[in-house]
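Chemist: Protein chains in written order, with numbering that gives the first Met the number 0: chain A, 0 to 250; chain B, 0 to 250.
No lab work stands behind these hints: they were computed from the structure.
Mixed in with the good hints, there may be bad ones.
Claimed, not checked - Here are the simulated EDC-like pairs of lysine to aspartate or glutamate, each with C-alpha atoms no more than 16 Å apart in a straight line:
| # | chain 1 | residue 1 | chain 2 | residue 2 |
| --- | --- | --- | --- | --- |
| 1 | B | K159 | A | D148 |
| 2 | B | K159 | B | E74 |
| 3 | B | K142 | A | E146 |
| 4 | B | K12 | B | D65 |
| 5 | B | K156 | A | E186 |
Letter by letter, the chains look like this.
2 protein chains.
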Amino acid sequence: MRILITAGGTSEKIDDVRSITNHSSGRLGVAIANAFYDETTTIDYVTTNSAQKPSNTNINLHLISDTKNLSATLESLLSQNHYDAVIHSMAVSDFTPATSLSEEQLLTVLNRLLKNYQGNSLNMTDLKNEIRELEELPVTEKKISSETDHLFLILKKNPKIIQLIKQLQPETILVGFKLLVDVSFNELYTVAMNSIKKNQADFILANDLTKVGEKQHLGYLIAQDGSYTTGTTKQEIAELIKAAIVTASKK
Amino acid sequence: MRILITAGGTSEKIDDVRSITNHSSGRLGVAIANAFYDETTTIDYVTTNSAQKPSNTNINLHLISDTKNLSATLESLLSQNHYDAVIHSMAVSDFTPATSLSEEQLLTVLNRLLKNYQGNSLNMTDLKNEIRELEELPVTEKKISSETDHLFLILKKNPKIIQLIKQLQPETILVGFKLLVDVSFNELYTVAMNSIKKNQADFILANDLTKVGEKQHLGYLIAQDGSYTTGTTKQEIAELIKAAIVTASKK
């Protein structure tokens, strides 16, 4: 058996000294790697520098930092190897910084808009065109100056990396992850079912940050047919995922 | 002798799963702690969870995450203890996320501006008032939705924490740090001298990210009178700082 696990959280550079980081200790990924670890399983493990890592030395570690690295690494691994399952637990940045404006720069942009759209209103197409122009401004600053009382960051949405997985290996068993914050079970379940459809996932592990701690970790492993099992610790969740993959890979 | 060292980089929350982080491995802080470490010196060491830490167990570790924590911790330490020197090497976030807007929300804001300022232009006071209104919007989202092609983050400037130090302990020897990216020596020197004046620092360790690596680390320890010494590794920089403090504390 060969499996691919992603864990930890990506960071996207704002400038040479600052990043936007998605938090993830990497502990759940470690629990999953430990659950699968035996002599007959090859594990490729994609994670970040700052995340906790499995201690077994014959797991193949691949370190990435941002969504671009992650995407390139997954493309390379998925085109070189056949995986029985891909467990994509990494917290991936939804957005990447495109450009930043100081108060002075924002004032110039707003006054240009006031002049160009005199007496009219903007529609969404206008707004998107204006944003595109701003994004094309050359980024000249390596470290953003702090000489402004406010800084305006424009972030653009990243491509959904999870969708790469089934595009490159339609036959693999894909386990995706969905983390929401302080929602009802119904909302969590609905969002997870949508994620299964959008990303062609076989399973989604759905969890709520308010129920995630060092010792407890409430997670629902939801299958394509809507059925689910419940784990209350990282170890239980890891075992649920392993059992589901072993069963599915025998079909 | 009792000294206070700060090291690592602060993180500021955007929402419950994302932060803006200032990078800093914490290795220079470790080198400084090691240089000072002996039986007669008490070291309070303020750093973050993710930074490297000194291995000597009788250094007093104080963990912080954001600039608010840092400020509270420094206030408490500086009001409880007398420090012969404070070495503030931590990379502190200049800005904190105040609010975020989706494309839809930005469109609404811009059309309100177009209506209110018809035929006129905005000045800086108008802009600051408009920003203040946006900042006062209640933040309802615990995890920002990714259902927008662009996200607009408004960041507000943090108070300068380094200025706390001499306000609370005018007699302490303060070593500040200035990291720029890819500038000339003259620019680095000028910015460092300004920082000495603004923050009442006794010394500034000025360095340029393009000359900072695992093994090499070019740094200039600049004194109030404009004289400076040069170190080429973290250990050399740490020894320069120690020597300067020992000399200054004998005066």
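Chemist: Which numbered conditions among the earlier hints are violated in the structure presented, ordered from lowest to highest?
Modeler: 3, 5
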